[in-house]
Amino acid sequence: MTDSTDSPLIRVPEMGRAPLGSDAEIRLAGLWETEPGWRGRLSTVDHKTIGLRYLVTAFLFLLLGGVEALIMRLQLAQPDQTLLTPEQYNQLFTMHGVTMIFLYALPVLSGFSNYLWPLMLGSRDMAFPRLNALSYWLFLFSGLFLYASFPIGEAPNGGWFNYVPMTDRLYDTGPNIDVYALGMVLLGISTTVGSINFIVTLFRLRAPGMSIDRVPILVWGTLTASVANVFAVPVVSLAFFMLWLDRQFGTHFFDVVNGGKPMLWQHLFWMFGHPWVYVVVLPAMGIVSDALPTFCRRPLVGYAPVALSAMATMLLGFGVWIHHMFATGLPTLALSFFGATSMVISIPSAVAVFAWIATIWLGRPVFNTPFLFFAGFVLLFVIGGLSGVMTAAVPLDFQLNETYFVVAHLHYVLLGINVFPVVGGIYYWFPKFFGRMFNETLGKWSFWVMFIGFNAGFFPMHIAGLLGMPRRIYTYAPNMGWNTVNLITTAGSFVFALGLLLFLINVLVSLRRGAPAAENPWQAPTLEWAVPSPPPAYNFAVIPIVASRHPLWEDWLDEGYGRSSLETGYLLMEGRETLGTTPLDARPDVILKMPEDSYAPFFLGLFSSLIFAGLLLQAWDFAVLMIMASGLSLIAWLWPSKALAQRVSAVKPDKGVAHV
Amino acid sequence: MSIALSEKETAPLNYFLHSYGPASTPTLHLGWVFASIAVMVFLIVAGLLAGALVHKRPQNSGNIDDADKGLQWIYIGTGISTCLLLGMAVYALITLNAIARPPQATALTLTVTGYDWWWKVEYEHADPSLNFVTANEIHIPVGVPVLVKLKSADVIHAFWVPVLAGKTQMIPGLINRQWLQADVPGIYRGECTQYCGLQHAHMALEVIAQNAAEFRQWQAAQRKRLVLPPASDADAGRKVFMEHCSGCHSIRGTEAIGAHAPDLTHLKSRRLIAAGTLTNTPEHRQQWITHAQEIKPGARMPSMVLSPVELTALSAFLSTLD
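Residue numbers (this note's numbering), protein chains in the order written: chain A, 84 to 743; chain B, 5 to 326.
Hint data in this document are derived by calculation from the structure and do not stem from the laboratory.
The structure presented is a predicted model; accordingly, all values stated were derived computationally and were not measured.
Check before you lean on any hint, since a few could be wrong.
Computed from the model, here is a short list of chain A residues facing chain B with C-beta under 8 Å [stated by the list, open to error]: (1) G242; (2) M249; (3) T411; (4) L445; (5) V449; (6) A458; (7) L462; (8) P553; (9) I556.
Note that beta-carbon positions come from the ideal geometry of N, C-alpha and C, so glycine has one too.
Chain A with its partners taken away, still in its complex shape:
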């Protein structure tokens, strides 16, 4: 927003303090608090509520996906088992993959980002709170949409990668694949709007003074992941839409008989699928980069290299999708190029690993539960990275691809890099989320059981792969040499599940019985720890002014750092307001009017999901009706609101900034 001195709307926000219980604070609470009861539940746009919903929902899906995995492990524990039919097994592994990747790994990170970003950035909400609510509802409904296929025995069964032509109508006549195709398009909308929200929030809603080189690494991780989402998700949404057209209306995108190309599917899917792998690990690596230093009592070694490595990983991530397709008969030159790139992509990861180890080495680590998870994660990350380098070697991949070696690799990468930081992160922010401390003893137990179970469960899979065990087989003969490794894997997976159960018990027990948590129980450096636990509806009574990367550590850091102003700041209480700042150097720029709670996101989410249900059931009239209902919800959403009328208020850049 440029200077508009003559505008009647210009307003220089008042600076001041608003301690708990003061008139100003009470007014803020009145403005931001959500109505109690079910109406508030459906209409709230509070990022903290939405963030926790994301976390809880994603964890429920993790449990579902985990139960699916355990059932499969029982089937594979011994050769020639008959616990499951092949069709049941195929549906289980498909839904296990779909669930873990799409309904757990990314949403759980969106949960962290939704909850924490505004708090870490010194803002009162996300840039588009109602879009945020919509994103959650669509995620929930698409999850329910996908899972509704289970009770009728028609769950997706083509593997999460869903290769055509096996998933064409010719070979898969049931609704199974349509469920997956439509569910993914629906989920894609959720992911896309969510990602756009994160990007805008990062660039526009940081506290004054929080220049781009002062944001937490988690923000960098989520930013790169969100940008990647915006590019990658449309690719896969398009692919699934084309597949649905092939199946429903007999178009010929992938249909060989009529000139379609099955390879097109593989390219489209992996152009999305590979970057996506980084989408679900970079924010998790960000969690470690931010939370690990807290327990080492020193800043992260190499902030800039680590932030840059996240971006480099993402950029390279778009150039390596072929490594999922080494065995498709591509020319040697293409294989050489993509093989080499796939090996190079581990260089940025090396940056992060050495930064973490140096941080521990130079720090004074406190062995709390979250720290155990982060330190354990580093080991799993290294194992997953090294097996990744092995599969990046083209000739070796000709052997390893589609065997259990790859299953082991991807579980070290996805489970190791996502679940361990996520569980560690939940332990870390638990006091902030709920205002209570968790049980430390139970926490340590949960770590060790998870860590041992994880390695006992997944490491032997490497061996099974080297012994030639192909992926996605529902049974195997007893003379293949795979009996022992499979038995150990099954046992390990149950131990791992037990560890996860201990974590959940800890969460449930501590929610009730945990000791009250102070504002900053870990003496952490970032802004979210400057507000009460749990944070009030408005987050920050005043928008703080930030002067360093570690606002809460300034007293202990060597001199030379500025002092942030956390108690005195912009009051902004003429309605729901927060401060917009310039993208790079975070100078105050605009007073943003934030929307009131609204039912529109819920209903838009509901009706648009019902459109997809109509398409699935080929109830065209119903789909059209739901399109109209969605249109009405959208009108309600966009209906001009008085509270939002002041959109162009501006702070004069020269006078507005109070450099403290």
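Place chain B on chain A using the hints.
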């Protein structure tokens, strides 16, 4: 490396300890080198991490260390990793180059087509009358490279005989090529490694490497047309076959020309049936005919309902398919 697996040995797909030809041996070496590097790097990093956790630190002064300390960790660590990775990348490319093409011209070309869930194998000859088709079993001469053209009749499969070569996908509408060579006579197991539906787990094949003379003998036997003995049992069985089986299966030289299922012309010469699932004994053949859906649920082969008389006759007829 070592002698070929005997039938009784387990782990027939173990390509990390065994390799029997030039299309897979360089990969085996690469695998060991990479695995060793991986273990070494892991031990070093784990050691550093353990050191970082336990090493003695100066007393806490209350101050927090400067953020910029320790950057040399990243420089040195990343520098070494980069050099190592570049070296590994070069080695991988050299290996790729070594296995991309056979060392000499291929001595034999055959076409393998993936079906749900079995393999059709075609041996072509300049003289089409010498062409023959078999299923789930590939015979090759020892010591010479063989070109395998890979096709699919339905969905994507992947052809993988790990101790002889890496895998290649079989994609509808495309013809992929790969070569393999066995330096030691023996039986080598292969499996489909691309998830291809219900019976992906039971889609195996065998490559039987024979010395040149034996191979020629086998080839000549396969080229022979079926000579049916005049035995009456077989005649009855033949009738049963033509009634129940010939829609899908074919037997060269008879009216059975079904194309959706394995060619059974020289069935008795094969070691396994049902795409590597059962050994080819009369009992297994009968079991397979009557219980195919229990053995391979969802397979295209139905469990046939035959009277004991019909079954005995059919079995006797199949035993003549030499």
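Against chain B, run the beta carbon of A458/A and see if the smallest gap drops under 8 Å.
-> holds (7 Å)
Does T411/A pass the interface check with chain B, least Cβ-Cβ distance below 8 Å?
-> holds (5 Å)
Does M249/A pass the interface check with chain B, least Cβ-Cβ distance below 8 Å?
-> Holds, because the Cβ-Cβ distance from M249/A to chain B comes to roughly 4 Å (cut-off 8 Å).
Return the status of the interface hint for I556/A: holds when the least beta-carbon distance to chain B is below 8 Å, violated otherwise.
-> Hint on I556/A: holds, closest Cβ of chain B at ~4 Å, below 8 Å.
Was the hint right that V449/A lines chain B, CB cutoff 8 Å?
-> violated (11 Å)
Status of the hint placing G242/A at chain B (closest C-beta pair under 8 Å) | holds (5 Å)
Any CB of chain B closer than 8 Å to the CB of L445/A?
-> Result: holds, 5 Å to nearest chain B Cβ.
Residue hint P553/A, partner chain B, criterion CB-CB below 8 Å | Status holds, d = 4 Å.
Would the stated hint for L462/A survive a check requiring a Cβ distance to chain B of less than 8 Å?
-> holds (6 Å)
Checked against the numbered hints listed earlier, the structure breaks hint 5 alone; every other hint is satisfied.
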